[in-house]
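S.K.: Spelled out from the first residue to the last, the chains are:
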Amino acid sequence: MRGLLSILLLLPVLAHAEAPWRLSEVCPAGFRPEQGRCYLQSLYGEYASLQDSGVGGLKTGLPPLREGFTPQQIDLGRLMFFDPLLSGDGTLACSSCHQPSKGFADGRGLSIGINGQLAHRSAPSLWNVGFLKRLFWDARASSLEEQMEGPLYSPIEMGNSPEQLLKSLNESAAYPPLFKQAFGDSAISLDRIYTAITAFESSLVSLNSRYDLYANGVHEVLSKDEIEGMNVFRSFVARCAECHTPPAFTNQQIAILGTPEPDGHAFDSGVQAVTGDASQRGGFKVPTLRNIEFSAPYMHSGRFETLREAVAFYTGGRGHAVPEGEKLNLHWHIWEPNLTDREVDVLVAFLKTLSDESFMPPLPSAVPSGLRPVIDGKSN
Amino acid sequence: MKNPIRLGLLCLGLLCSMPSLWAADIPVKDGESIQDAVNKASPGDVVLIYPGTYKESVYIDKDNITLRGVVEEGKWPVLEGEGKRNDAILYSGNDFTVEWLTITHYKGNAIMGQSGNNFTIRYNKVIDTGVYGIFPQFGKNGLIEYNVLSGIEDAAIYVGMCDNVDVRHNEVFDNVAGIEIENTRHALVENNYAHDNTAGLLVFITPGLPIKTTFDVILRNNFVVNNNTPNFGAPGSIVSKVPQGIGIVVMAADDVIVEGNIVSGNKTAGIVITDLAFITDISSDPESEPNPDRLVFLDNLMFDNGADPVAEVKALMLTQFSRTGPDILATPGSAQEQDNCIINRERYTSFGVKKWSECERKSTADVLSYRIPGGAPSEPVTATNRTKLLYQGICAGCHAYNMRMIGPPTLAVQALYRNDAQGIADYIGEPHKVRPDYPAMPSQGHLSPELRKEVAEYMLKVTK
Chain F
1 MRGLLSILLL LPVLAHAEAP WRLSEVCPAG FRPEQGRCYL QSLYGEYASL QDSGVGGLKT
61 GLPPLREGFT PQQIDLGRLM FFDPLLSGDG TLACSSCHQP SKGFADGRGL SIGINGQLAH
121 RSAPSLWNVG FLKRLFWDAR ASSLEEQMEG PLYSPIEMGN SPEQLLKSLN ESAAYPPLFK
181 QAFGDSAISL DRIYTAITAF ESSLVSLNSR YDLYANGVHE VLSKDEIEGM NVFRSFVARC
241 AECHTPPAFT NQQIAILGTP EPDGHAFDSG VQAVTGDASQ RGGFKVPTLR NIEFSAPYMH
301 SGRFETLREA VAFYTGGRGH AVPEGEKLNL HWHIWEPNLT DREVDVLVAF LKTLSDESFM
361 PPLPSAVPSG LRPVIDGKSN
Chain H
1 MKNPIRLGLL CLGLLCSMPS LWAADIPVKD GESIQDAVNK ASPGDVVLIY PGTYKESVYI
61 DKDNITLRGV VEEGKWPVLE GEGKRNDAIL YSGNDFTVEW LTITHYKGNA IMGQSGNNFT
121 IRYNKVIDTG VYGIFPQFGK NGLIEYNVLS GIEDAAIYVG MCDNVDVRHN EVFDNVAGIE
181 IENTRHALVE NNYAHDNTAG LLVFITPGLP IKTTFDVILR NNFVVNNNTP NFGAPGSIVS
241 KVPQGIGIVV MAADDVIVEG NIVSGNKTAG IVITDLAFIT DISSDPESEP NPDRLVFLDN
301 LMFDNGADPV AEVKALMLTQ FSRTGPDILA TPGSAQEQDN CIINRERYTS FGVKKWSECE
361 RKSTADVLSY RIPGGAPSEP VTATNRTKLL YQGICAGCHA YNMRMIGPPT LAVQALYRND
421 AQGIADYIGE PHKVRPDYPA MPSQGHLSPE LRKEVAEYML KVTK
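Taken in sequence, the protein lines are chains F and H.
First residue of the first sequence? That's 1 in UniProt numbering, and the numbers climb one at a time after it.
First residue of the second sequence? That's 1 in UniProt numbering, and the numbers climb one at a time after it.
So here's chain F without its partners, still in its complex pose:
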């Protein structure tokens, strides 16, 4: 089986052998080079934040970004991200579940992994993921490198193993020279693979939304309703900004909300399953809300189909969706704000001002393995 697979994989690679791959020599959009490495240039670059926390109000400095990768590393990561060679059976890429046209999520309640298996949670957006210090809904990984070992080797996601991953990349004709361009020699190691994909993920930056223009003094770009929505968002009645704090629209903390699971699904104990701490039962990482309009359905379980439903959750009453018999330490900002329908509407209108995909990376029409790149969930 393995042998057959490598033969299958080899065939298309040979077809590419004549046109050698060149990795990009320029930094991606929004990044300027400094001594060959790429650093973010953004509207927020000159602002400070209290205690360097990266949380605050409109004109507040960002949390630290994973940056300083070379253009070649970022570009190599981009190619691997879309390359199904990275999965155990050559059918899934990262982009199967993190699709550019769906806010780098997949439009599904629960993602589908290898052999059609259902993942346990909903795929989060990857926009601005390089600003996060903890990853996964339950915050169980503390770096992008550590995070990606999850999907790569999970038997229900990409179903690969470290040995096979190294073997298939080494056996492909195109990858070793690309690693040479990115790292100086053609040795392929797990660390280099992780570095390159991390480099690419960190380049998925979205900070030029209409909201960002407003925050930086261009007040006329938001409509009256949108401003009203922003004021509800940061009000101490809705309290959204207390957790989804600008400029990243997450304070990167764990909060217990008591959002519902899809019908028939068991309660997800969230952070408790990672730390064993019962007081954290049902806790999840506060997600960013940037580009949120593209990544429906919402919450860790994908339970809410629309943004309006997700927002309306907060005015359903403290603990209204907590299953009977569950005792959760609900967060103190989860309360009874009694938002009006109009307030929910303008909140949704405001959330849509957080959309900006102007730094969408180029989507590859071919990937080094010669397999068909996975774009928007399909092999093209």
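Hints were generated in silico from the structure; no laboratory data involved.
Below 16 Å or equal to it, Euclidean Cα-Cα: the simulated EDC-like pairs (lysine to aspartate or glutamate) are:
(1) H:Lys-40 <-> F:Glu-220
(2) F:Lys-224 <-> H:Glu-56
(3) H:Lys-362 <-> H:Asp-299
(4) H:Lys-84 <-> F:Glu-228
(5) H:Lys-212 <-> F:Asp-52
(6) H:Lys-84 <-> F:Asp-341
(7) H:Lys-107 <-> H:Asp-128
(8) F:Lys-224 <-> H:Asp-36
(9) F:Lys-133 <-> H:Glu-287
(10) H:Lys-107 <-> F:Glu-336
(11) F:Lys-327 <-> H:Asp-281
(12) H:Lys-84 <-> F:Glu-336
With beta-carbon atoms standing in for the labels, derived distance ranges:
(13) F:Leu-190 <-> H:Ala-415: 43 to 53 Å
(14) F:Glu-309 <-> H:Lys-314: 47 to 57 Å
(15) H:Asp-30 <-> F:Ser-101: 50 to 60 Å
All C-beta atoms in this analysis are idealised placements derived from N, C-alpha and C, irrespective of residue type, glycine included.
Given the coordinates of chain F, assemble chain H onto it according to the supplied hints.
M.R.: Below, chain H alone, put in the same frame as chain F:
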């Protein structure tokens, strides 16, 4: 010239600090809208609010704006929330001042800041607003003085996640929490009158917030009297867990100095020093250090505290064969350790302070203020510098002066367009593919035509 923007902003900052050059008074009369005036205001302007009733929420996302009530023969301007509006005043700008207003009946807060350095909040009367009265958050360098607040179901004055704040000469009563300093450093709480709250003064670390520490806080010369109001905090809120009858609570905060306060008539205890175990039913946060370290308790006048303590305190005191609560209560655990200190301990009734050491520091007279001399840096965005900000923040992420980035070099663009700013403005509103070896440029159509023209003109003038 590593930071051209910062330099530009600095010069403008200098100009802005000479308000006489720029400031205008914008009057608002009864029946008119404060927000309309704020929308018209430029940095340095003062919005003068005349007596009358203003039924609105006001937000200030500009720098260096003052909202000043005009009080005439005892008649005040009143912001009236009618129980249905969210917050009365929401500011994010730097150098913001709000004064001489009466604020009442809002669902959320009376005055709330989200970032915004160098704030001044003074001479306001806040009555029965929903959650907090005055709540600056994420601000550096602020002054809160001469405000009177009552009837608030959480903290009347809540300094949350701030640095360098003075809170003085305020009166807070009939609230759940009088003055709360939370996840904040360098705060001076002085000469306030906190009475008839559930608890008078609170210095906390609350777990689960993005800024984790509270330290370097002085509580000095306050009256903390008769704080025995039954707790009417919202279910689930942190303060709803505070037992009634406490003058001062120090929870998990470090380097707190308590000096010269008059603390009396608080029925559970005069002061409680505790670790995070004080608050139950909240999710634990391994990044919050739970212990109150290095408390310094100098001379304070304490009497008549603990007349009728809550059950937990009663139970503790019974172990000492007493039925009344103490002036000073250090709860079991680290609050009782010797890194805390006290002078003249024999004057007080106490629990748990046996191991406390003698303080070396005897007075805080050397600290006059915790605000930053000259203020915290603030970088006002004005009509003149925002073009530069936009160019540096957006265009320069893809266009360098004389080097290929994702987009072609600015030099090449300048050669192509020469003096045709309008041409650039049109192109960036609706870019089309020009160069086969470059990706497409994303549209900047969300910028108004005027702004596109301004940025275009800027691009043509860039020289490095």
